[in-house]
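Visitor: Following the hints, position chain B against chain A.
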Amino acid sequence: MADITISERQAGDVTILDLSGKVTIGEGSVALRTTIRRLLGEGKNKILLNLAGVGYIDSSGIGELVSSFTAVKKEGGTLKLLKLTQKIQDLLAITKLLTVFDVYDDEGEALASYN
Amino acid sequence: MSEIREIKLPSRIESVDQAAIEADEFAKSRGFGDDFVSAIDLAIRESVANAVKHGNKFDESKYVEVTFADSSDGFEVMVRDHGSGFAVDDIPDPTNPENLLKASGRGILFMNSFMDEVSWSNHDDGGMVVKMVKRR
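Protein sequence lines, in the order shown, are assigned to chains A and B.
Per numbering that gives the first Met the number 0, the first sequence starts with residue 0, numbered consecutively.
Per numbering that gives the first Met the number 0, the second sequence starts with residue 0, numbered consecutively.
Since the hints were derived computationally from the structure, they do not count as laboratory data.
Careful, some of the hints might be misleading.
Claimed, not checked - When the alpha-carbon atoms are kept at most 25 Å apart in a straight line, the in silico SDA-like pairs for lysine to any residue are as follows: (1) K95(A) with L108(B); (2) K101(B) with A70(A); (3) K101(B) with V102(A); (4) K82(A) with L108(B).
As the list claims (entries may be wrong) - A short, non-exhaustive set of chain A residues, derived as facing chain B with CB atoms under 7 Å: (5) I24; (6) I93; (7) V99.
Claimed, not checked - Some chain A residues well away from chain B (every beta-carbon gap over 10 Å; in silico): (8) I5; (9) R8; (10) L16; (11) A51.
Glycine included, C-beta positions come from ideal geometry on N, C-alpha and C.
Here chain A stands alone, though its shape is the one from the complex (with noise of 0.2 Å):
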């Protein structure tokens, strides 16, 4: 069984992805790589990862959604995060990386905050 299932959805401008499963060490983490890389190739560059059905996460899943994040960055988009569990929160807090990224819970909210 994969270790992650990345399902993706269009509105509008915005590309959401919605993960499900783990986003560590190997699979997980490549299977994201290999979205956002071919996302940006097809010149979409405003992404929303959303992380409400990502059950377990550990520092290589989180250092590859910093990848993605200046990855997309890079390419003039911005990433931002949606759902976290209190898991994942918890992660981000402790690495400060809550300082980084732009969290919503509401994803209306969040798509909003792209224009």
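Guide: Quick look at chain B alone, frame taken from chain A:
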């Protein structure tokens, strides 16, 4: 009564999951609660990942040896690699502003955050040993 379990894992990414599964099973069988097990799980994943990647450098002729022990104090884990070692103090603080956007370097921070004691030493027969304790 305390109990010890030792496992020997090949230097590949799949060993991270395997170590965590064994640790979860061991800890639950010894009556540790979900939050406790979750903290141990993360610390073991990070330490075994470090041993596989940075210690043994994915060399499958080298093993990662993991020991779990349950005692009256709590849960103790030792992870040994067969690498050339490193100085913990040389690892940059990932929470410093200049390091925030680095893609790696947060594993030790997680280990320190979720365990009560974390220490490194050189093994007499080579390699590094990280010892972590989570108190009851």
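Visitor: Taking the hints in turn, state whether each one holds.
Guide: How the hints compare with the structure:
no.: 1; hint: K95(A) with L108(B); in the structure: 11 Å, holds
no.: 2; hint: K101(B) with A70(A); in the structure: 12 Å, holds
no.: 3; hint: K101(B) with V102(A); in the structure: 19 Å, holds
no.: 4; hint: K82(A) with L108(B); in the structure: 24 Å, holds
no.: 5; hint: I24; in the structure: 5 Å, holds
no.: 6; hint: I93; in the structure: 5 Å, holds
no.: 7; hint: V99; in the structure: 6 Å, holds
no.: 8; hint: I5; in the structure: 19 Å, holds
no.: 9; hint: R8; in the structure: 26 Å, holds
no.: 10; hint: L16; in the structure: 18 Å, holds
no.: 11; hint: A51; in the structure: 18 Å, holds
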